[in-house]
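Let's have the full structure, built from the sequences with the hints guiding it.
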Amino acid sequence: MKPPVATVHIVDDDEAVRSALRLLIRSVGLQAQAHASAPEFLASYDTRNPGCLVLDVRMPGMSGLELQQELNRRGAIIPVVFITGHGDVPMAVTAMQQGAFDFLQKPFQDQELLEKVQRALARDAQSRAGMAAHAEILARLETLTPRETEVMRLVTRGKANKVIGADLGVSQRTVEIHRAHVMEKMRAHSLAELVRMVLDAGDSTHNS
Amino acid sequence: MDKLRAAGDPAARPAVLCLRQRDEMEIGQLLTVLRSPIYYCANGREAVAIARDGALSCVITPLRLPDGGAAKLIRQLQRVAPGLAVIVVVKSPDISVAVEVMRRGAYAVIDSRTLNSGLLHHVAPLVLER
Chain A
1 MKPPVATVHI VDDDEAVRSA LRLLIRSVGL QAQAHASAPE FLASYDTRNP
51 GCLVLDVRMP GMSGLELQQE LNRRGAIIPV VFITGHGDVP MAVTAMQQGA
101 FDFLQKPFQD QELLEKVQRA LARDAQSRAG MAAHAEILAR LETLTPRETE
151 VMRLVTRGKA NKVIGADLGV SQRTVEIHRA HVMEKMRAHS LAELVRMVLD
201 AGDSTHNS
Chain B
1 MDKLRAAGDP AARPAVLCLR QRDEMEIGQL LTVLRSPIYY CANGREAVAI
51 ARDGALSCVI TPLRLPDGGA AKLIRQLQRV APGLAVIVVV KSPDISVAVE
101 VMRRGAYAVI DSRTLNSGLL HHVAPLVLER
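For the protein sequence lines, the chains are A and B, in the order given. Going by the numbering used here, the final residue of the first sequence carries number 208, and the count climbs one at a time with no gaps. Going by the numbering used here, the final residue of the second sequence carries number 130, and the count climbs one at a time with no gaps.
Keep in mind that the hints were calculated from the coordinates and are not lab data. These figures come from a predicted structure and were not determined experimentally. Careful, some of the hints might be misleading.
[Said to hold, decoys possible] Computed beta-carbon distance windows for the label pairs: (1) V33/B - R187/A: 52 to 62 Å; (2) V33/B - D88/A: 21 to 31 Å; (3) G105/B - D110/A: 24 to 34 Å; (4) G85/A - G105/B: 40 to 50 Å; (5) I77/A - K91/B: 33 to 43 Å; (6) H86/A - R75/B: 28 to 38 Å.
Beta carbons: idealized from backbone N, C-alpha and C, even for Gly.
Here you go:
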C-alpha cells in the first residue's frame, strides 16, 4: 500500500483566498485541499495522514485559534501556519504558545508562504518519522519476556552479567543467553544502541 | 553591576527579574501589587548571573540589551535555568518580531502599548502560581 501523500490543508472562510492559495500551492506540485470552515476541516481530517495546515485566524463560528486548540486536544501533530489580515502581537503570541508552526500577516509574498509551507511539511515528516521509530521500539519491547525485560533494565544501567546473575539468582551463562535474546529482539547492534532505545521508549520500560 | 534592589515581601514569592527598560516603573508597580519581589539588572550578563544563583518566577526583558538581544539572553538563560520563563517587551507592534522571539524560546511577548494587560495576562499567573 502506498503511503499517503502529504496534503496542505487550507482553512479560510473567504472563497477568493481559498482558491488563490490552493492554486499557489498546487503550482509547486504539492497536494492542496481547501475547506471553508473549521468544522468542515475537522469532519474530513484524519490525524494519521501527513501534511500541514494553512489556517485563517478570524472565521465565523469556530476561529482558527479554537481549531488549533481542538487539534491539540485530539493530539494532532499537524504543523499550523496561521494567516491573518487583522493580527496583533497578543494573537500571535497565543498562537505560538499553543504550538503554531508560524504566523503570517496578510498581505504576504507568495514565496514567503510557500517557504513556510515547505518547512512545515518537513517538520511534519520529521515528527512522523520520530513517532514511527518510537512506536517500532515499543513494539519490539513488547516481544521481550518478563525476564528479558528485567535483564535489559539491568544491562542498560551498566551492570555486568555476573552482577545481574547474582541479583536475579541465575547463572552468568543464563544472563548471557537472555542478553543475546534482548539484543536480537530489539535489533540492537551495540549496548549504546540498546541504551538509546530504552531512553527513547522512556517510562514505558522503566515503570512497567 | 547595578546594586540589586527588591520590593515587596521577599518571603512571599520568588522574585521577578527585570532588565532595565523604559517601562520598568509600571512593571515594578504591578509586581508590588502582586507582592512579588523584583530585582533589577542592567544587562544580560548580570541577568544570567542572578538566574544562576536564585529561584526566579520569570524574567522580563526588553528586545534590545546593551550586550545583545533578547534571543541571546533566552539562549543563555536556558543553559543556566532551564524552563525559566522569559517575557520580552517590544516597542514595535511588528508581529514577525514577536513570532521570531517566541520561536527562539520566549514564554511570551508583550507589546509595550498594552503593557498592563500583557503583564496581567502573562506575568501574574507565573508569579501567583508559586
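Structure-based check of each hint:
1. Range check, V33/B to R187/A: Cβ separation about 60 Å, and the 52 to 62 Å hint holds.
2. Distance hint check for V33/B and D88/A: the Cβ-Cβ separation is about 26 Å, which falls inside the suggested range of 21 to 31 Å.
3. For the pair G105/B and D110/A, the supplied restraint of 24 to 34 Å holds, since their beta-carbon distance comes to about 30 Å.
4. About 28 Å separates the C-beta atoms of G85/A and G105/B, a value inconsistent with the hinted range of 40 to 50 Å.
5. Distance hint for I77/A and K91/B: a CB-CB separation of about 35 Å, consistent with the stated range 33 to 43 Å.
6. For the pair H86/A and R75/B, the beta carbons lie near 32 Å from each other, so the given range of 28 to 38 Å is met.
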